[in-house]
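First to last, the sequence lines map onto chains B and S.
Just so you know, we're using my numbering here: the first sequence kicks off at 1 and counts up by one.
Just so you know, we're using my numbering here: the second sequence kicks off at 1 and counts up by one.
Bear in mind the hints are in silico, worked out from the structure with no lab data behind them.
Hints may contain errors.
[Stated by the list, open to error] According to the in silico footprint, chain S covers these stretches of chain B (three or more CB under 8 Å from chain S):
id: 1; stretch: 45-51
id: 2; stretch: 242-251
[Said to hold, decoys possible] Label-pair restraints from in silico Cβ distances:
id: 3; chain 1: B; residue 1: 169; chain 2: S; residue 2: 109; range: 48 to 58 Å
id: 4; chain 1: B; residue 1: 4; chain 2: S; residue 2: 142; range: 32 to 42 Å
id: 5; chain 1: S; residue 1: 88; chain 2: B; residue 2: 74; range: 45 to 55 Å
id: 6; chain 1: S; residue 1: 109; chain 2: B; residue 2: 246; range: 21 to 31 Å
id: 7; chain 1: B; residue 1: 14; chain 2: S; residue 2: 208; range: 25 to 35 Å
id: 8; chain 1: S; residue 1: 7; chain 2: B; residue 2: 90; range: 39 to 49 Å
id: 9; chain 1: B; residue 1: 155; chain 2: S; residue 2: 218; range: 50 to 60 Å
id: 10; chain 1: B; residue 1: 65; chain 2: S; residue 2: 53; range: 19 to 29 Å
id: 11; chain 1: S; residue 1: 115; chain 2: B; residue 2: 19; range: 48 to 58 Å
Glycine is no exception: its CB is placed at the ideal position from the N, C-alpha and C atoms.
Below, each chain spelled out in residue letters.
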Amino acid sequence: MREQMPIGVTITRITEESPSIRTFTFDQEIPFNPGQFVMVWVPGVDEIPMALSATDAITVQKVGDATAALFSLGVGDQIGIRGPFGNGFAVTGRTLAVGGGIGVSPLHPLATAGLVDVFLLGARSAEDLIFADRLAETTTLFTATDDGSAGHHGFVTDLLGRIDPIDFDHICVCGPEVMMRAVLGILERHGCTDRGQFSLHRYMKCGIGICGSCCTDPGGLRVCRDGPVFTGDRLIASEFGHYTRDASGQRKNL
Amino acid sequence: MVTLKPGPINVGGLRLNNHLLLAAGILGTTGASLARILASGAGGVVTKSIGPEPKAGHHGPCVVTVDGGVLNAMGLPNPSSGFTRELEAIRGQPVVVSIFGGNPEEFATVAGWFAGNAAGFELNVSCPHAAGYGAALGSDPAIVEACTRAVSRLGLPTWVKLTPNVTDIAECGRAAQRGGATAIVAINTLKAMRISTALRRPVLGNTFGGLSGPAVFPVAVRSVYDLYEACSIPIVGCGGITTADNVVEMMMAGASAVEIGSAVMDDIGIFATIAGDLYAPDGEDPAGIVGCAHA
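Make the full structure from the sequences, and use the hints.
Now the structure itself:
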């Protein structure tokens, strides 16, 4: 049992990606595999899991108390970081990435490392299509928005109708779980669920695989340790896309 | 190394597949994770502690790993009576439901929910970081006795998990025995804390928490040794066990079985790993090992 106390990092830059999404860059680099996450300690408030969007950055959507507290911080403020944790994406050959909303965050370092050939990016509207410019530099980017303000007018999953998943060795996916479940359904129809790599989000307390708060049905897989990235064939007959659990462990339907 | 004869055992009213149980609070929030641990070679499992109301637990950080151990202040998160459905998938298996309450009546109420689908109960009168629960009750022998009696009346195996954060753990053991406990579990975590020097504040959201892992093993061995001298009911050893030799040592101190928790962090297959080292067809009769270190 090796000591792993949170390290203190200082915020050096805050980038407003959209009205509700900011990237917090800090003063230390954390070696990681794209898709791995860190536990982010907002002193006096809480500690929450966050994907690393770069070696020295997290990209955060304001959704609750802890993220709201993060949004109240400025350059020069300190936060604590434990990690990186989890497995991350594992790709070789041709890779397709599918990101929805803030789900683009863990896929971004995969793309900037030159490991993504085609990127399908979806969001509610044009202003929520974060990282689009940078993704277009290293991938073939297609976008979709719910309101039609940019790219395809509709869901990012519609774009999968124009692309044959079989052409890719890996399909890396992160976004709202209902969207990810829809992608899994498409891969199932193509008979290639094992090529899908889905980054799951579950309530986490420990991050190191012992507390059990992120365990999924029916296999008892720990999202923090066995994941957060799982291949589609391991998710097909699971709670994925159906329900999750809250802080007390009670089930919540999606 | 000493090896033991394999096979099912009976401890404190429970029939277990082997001497190794999953400790409370580790991967015990869902039926699926408990089933996974049973399938991975555990002789029995203890659930997350279940209480009278759903609880979200403390704010984070809730866990930090330290040299030789794990420091946690989870704050007893649990789904309360909703947990009954989690047990449906593992009905009939050696599942001990850990329960907590703020008084004997609450212990009895919670135990009553699970009377039909638990192999037995483990009373948490020892969690060191939940105001009004756990060690707040478990450091008073009279309350330990009353809570134990309230649950043991149900007629199911009733284990009582004790806190080492007292002057005399044997006194609490005797109180549990008077209350009708069928076994004593020792120990829960040691009250502890760390401070982040970078952020100049306590690391845990709850300021202090409980230390588990190899760092506490000698404290657990000493506690089991003391309890074996003081009590006549079986003892289940818990605290920092990571190897088969640790299991044997704990049994020599007086434990009839052991619980394993923090070691799951380094190896989720720890139960099969330890069982592989601990058992051999020509191994010794476990009954001859339990308490053999007492002159």
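Going down the list of hints, with the structure as the test:
1. 45-51: holds (count 4)
2. 242-251: Holds, because 7 residues of the stretch 242-251 of chain B bring their Cβ atoms closer than 8 Å to Cβ atoms of chain S.
3. B:169 - S:109: 48 to 58 Å: holds (55 Å)
4. B:4 - S:142: 32 to 42 Å: holds (41 Å)
5. S:88 - B:74: 45 to 55 Å: At roughly 50 Å between Cβ atoms, residue 74 of chain B and residue 88 of chain S fall inside 45 to 55 Å, so the hint holds.
6. S:109 - B:246: 21 to 31 Å: holds (22 Å)
7. B:14 - S:208: 25 to 35 Å: At roughly 33 Å between Cβ atoms, residue 208 of chain S and residue 14 of chain B fall inside 25 to 35 Å, so the hint holds.
8. S:7 - B:90: 39 to 49 Å: Given a distance of about 42 Å, which is inside 39 to 49 Å, the answer is holds.
9. B:155 - S:218: 50 to 60 Å: holds (59 Å)
10. B:65 - S:53: 19 to 29 Å: Since the Cβ atoms of residue 65 of chain B and residue 53 of chain S sit about 21 Å apart, the hinted range of 19 to 29 Å holds.
11. S:115 - B:19: 48 to 58 Å: holds (53 Å)
Comparing the model with each numbered hint stated earlier shows that all of them hold.
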